[in-house]
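Generate the whole structure from the sequences, applying the supplied hints.
Residues per chain, in single letters:
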Amino acid sequence: MASAVGVIFSNIHDEKIPELSRHRTMASIPFGGRYRLIDFPLSNMVNSGITTVGLVTKYNYQSLIDHLGSGKDWDLARKDGGIILLPPYSDETDAPYTNRLEALKGITGFLNRRKEDYVVITDCDGVARIDIADIIRYHAEKQADITMVYHEEEDISSNYFITIQPDESGRVKDLQINPSGNGKVNLYINVMVISREYLLNIIKTAIAHGLSSFGRDILAKNVNTMKIYGYKFDGYYAGVKSLKSYFKHNMELLDKDVRDELFGARDIYTKVRDSAPSKYIEGAQVKNSLVSDGCIIEGVVENSILFRGVKVGKGSVVKNCVVMQDTVIGSNVELNCVITDKNVVIRDRRHLAGCEILPYFISKGRMI
Amino acid sequence: MQRKKECVAMLLAGGQGSRLYALTNNIAKPAVAFGAKYRIIDFPLSNCINSGIDTVGVLTQYQPLELNEYIGNGQPWDLDRAFGGVHILSPYQAKKKSSWYEGTANAIYQNMHFMKMYNPEYVLILSGDHIYKMDYAQMLDAHKRTGADCTIAAIEVPMKEASRFGILNTNADGSIYQFEEKPKQPKSNLASMGIYIFTASKLFKYLEEDEANPASSKDFGKDVLPAMLNAGEKMYSYLFRGYWKDVGTISSLWESNMDLLGENPAFDVGDPSWKIHSRNPLAPPGYIGESAIVGNSMIALGCEIEGTVQNSVLASNVVVEEGAKVIDSVIMAGSVIKKGATVSYSILDENVVVEEGATVGANKGKSADIAVLGRDITIAAGVQVDGGKILDKDYKGE
Chain A
1 MASAVGVIFS
11 NIHDEKIPEL
21 SRHRTMASIP
31 FGGRYRLIDF
41 PLSNMVNSGI
51 TTVGLVTKYN
61 YQSLIDHLGS
71 GKDWDLARKD
81 GGIILLPPYS
91 DETDAPYTNR
101 LEALKGITGF
111 LNRRKEDYVV
121 ITDCDGVARI
131 DIADIIRYHA
141 EKQADITMVY
151 HEEEDISSNY
161 FITIQPDESG
171 RVKDLQINPS
181 GNGKVNLYIN
191 VMVISREYLL
201 NIIKTAIAHG
211 LSSFGRDILA
221 KNVNTMKIYG
231 YKFDGYYAGV
241 KSLKSYFKHN
251 MELLDKDVRD
261 ELFGARDIYT
271 KVRDSAPSKY
281 IEGAQVKNSL
291 VSDGCIIEGV
301 VENSILFRGV
311 KVGKGSVVKN
321 CVVMQDTVIG
331 SNVELNCVIT
341 DKNVVIRDRR
351 HLAGCEILPY
361 FISKGRMI
Chain B
1 MQRKKECVAM
11 LLAGGQGSRL
21 YALTNNIAKP
31 AVAFGAKYRI
41 IDFPLSNCIN
51 SGIDTVGVLT
61 QYQPLELNEY
71 IGNGQPWDLD
81 RAFGGVHILS
91 PYQAKKKSSW
101 YEGTANAIYQ
111 NMHFMKMYNP
121 EYVLILSGDH
131 IYKMDYAQML
141 DAHKRTGADC
151 TIAAIEVPMK
161 EASRFGILNT
171 NADGSIYQFE
181 EKPKQPKSNL
191 ASMGIYIFTA
201 SKLFKYLEED
211 EANPASSKDF
221 GKDVLPAMLN
231 AGEKMYSYLF
241 RGYWKDVGTI
251 SSLWESNMDL
261 LGENPAFDVG
271 DPSWKIHSRN
281 PLAPPGYIGE
291 SAIVGNSMIA
301 LGCEIEGTVQ
311 NSVLASNVVV
321 EEGAKVIDSV
331 IMAGSVIKKG
341 ATVSYSILDE
351 NVVVEEGATV
361 GANKGKSADI
371 AVLGRDITIA
381 AGVQVDGGKI
391 LDKDYKGE
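Chains A and B, in that order, give the protein sequences.
At position 363 of the first sequence (counting the first as 1) the number is 363 in the working numbering, and the numbers step up by one without a gap.
At position 90 of the second sequence (counting the first as 1) the number is 90 in the working numbering, and the numbers step up by one without a gap.
These are computed hints drawn from the structure, not numbers from a lab.
Computed from a prediction, not measured in an experiment: that's the story for all the values here.
Hints should not be assumed to be uniformly reliable.
Unchecked claim - Pairs of lysine-lysine, DSSO-like flavour, derived with a Cα cap of 27 Å: (1) B/LYS5 to A/LYS314; (2) B/LYS338 to A/LYS342; (3) B/LYS275 to A/LYS314; (4) B/LYS5 to B/LYS275; (5) A/LYS287 to B/LYS338; (6) B/LYS325 to A/LYS287; (7) B/LYS222 to B/LYS205.
Structure, rendered in structure tokens:
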């Protein structure tokens, strides 16, 4: 297999889910009981043999740095490569980047120093287990300039998205940004393979012409001249577009098929926290729920996702909730369709409820 | 200036653990799984790092492969260090001779060069057989305060059990005037925990003398410590109050696992002020299903539970299918209890498969013993494995 370097955008899409990205990057949003969104693209890369990943950050990335550490939990603490943090670079004339193109310009130094043939660019808005090695093979076989990965979706509602229309050969001849009245579409899932030299060229040309949007000014405009190919991803894909979709996709993990696909191979890596195994005290009633480690459960938990270190007190009933790390739920509390961010404390006898389309969100560290 | 470490720990992990039967067929006792995600050796290693001791020699001999693999570079315990860290010390071949470790003292003697590399003031000797949380730094402080040449950690045991232990007879100030190995009529109930701090120069001196003595069995308890006491060296006991359990037998291993359960457990592995570090499995959160009933249990990551789990400790990636029951049992990683099967009062090693409808173990309290299933074996559908049975091969019934 030809060699590739990874580039992950950690902040792009932050605005989709402001509740959770207020104190963190999109990349470090907790997901699925013990993961952060970045764990999925990062694990996909590692599992495809990529050993160098540049991480493009912009702001609020303390939580991301804390999560990644030296990269050892992803086997990415390397002498050559590993995880390389790429914070905004600006000199006197440039302000920090405001779009993807400028961000890419800021990392040309990194891209120039690498020797890999290809660059795999992904964002952190999707949860999927994708064989990136296969995409690179496809890209090389098609001798494509760019390979865009797509997934069939219906009725997209998002403030920015790209759909593509590949022909029988896979060549993309039509690419639309935010098409309206969409039914079933081929949604570009923000995973792209591009030849490194080609990417460097694009960046140089685009900057020289004062272009600002990678999607609009580069992809959409040159769809007929560039060799863009579409790679269809058929597996489970959870695009995190809003708090509502975040909630929905967390709940999908209660489906065995989804769990088996994402986690069956046991190769999604995350930060190790050395929590004790979870304890179920006499009187606990847990049904259809995911429970991470370090939890102590004395109450009723149904259809919920419990992150690490969550405590559910006696007589409490937690249903249809996403309860993040170290949330403490007192006794005789009732929660339904609630998302608690990290370190939330719910005091005894509180009753809180949202609904499926509008889960009740409690922000980080709040005491209720 | 020569670089040095004030205190180096030497962990005796060569024990075969023959009283754990099928559980130690292929692995050393310190590598035996405990408490849903740990192995016995996690406790002394975590105690070391939590006590500020970052240089640990682990002496292995019996079936070391899995233990070596588990310890690796020591990163899970933060013991991957440029100077110090954890080192596996296996018996080796020297120019003049090569030899297996002959006794605990000989094992340490053979690794004198390792200790001397760090030019330590003190050496802490540990064993890899016990479950406990202990701050060795406090013991070291006591050792310095008394000006002892050797300090022995001791725990008070019930007087009627004292004759099973090495007993320390001490003066009011804690200084030791006599050792008695398993005395018939114990004078005290202060049992040695097999944890020693030596002033390094004294340790080296007595190890060399012991090695030169052909009559010695090269054991700390039997030879080195009595020799020091006879020579009038200052030896003190250090009283440890807390949970300490030798998990060298099937029943003590089972009991110690059960001690983790409940709201106020006898032994708490979840104490944030004294984290027990371990090599973590790569697994998603555990899934507790629609038909599951889980009570008073500990369940690790990656489990899929559709059946009943009561008073049990389940390690990572254990599957309990619908209608299956796991009662009063310890199930190690990757084991599968299929539909309608029952496991009670048993210890199952890793990757055991109990096929549909099989019954393993007897009800606890029916004067039966614990059933033990060794790793990677399959119990055929519908068969019965009696309480107290120890199996290390596939079982299809009598």
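Going through the hints against the structure:
no.	hint	in the structure
1	B/LYS5 to A/LYS314	violated, 48 Å
2	B/LYS338 to A/LYS342	violated, 37 Å
3	B/LYS275 to A/LYS314	holds, 25 Å
4	B/LYS5 to B/LYS275	holds, 23 Å
5	A/LYS287 to B/LYS338	holds, 19 Å
6	B/LYS325 to A/LYS287	holds, 16 Å
7	B/LYS222 to B/LYS205	holds, 17 Å
Consistency with the previously given hints fails for numbers 1, 2, ordered from lowest to highest.
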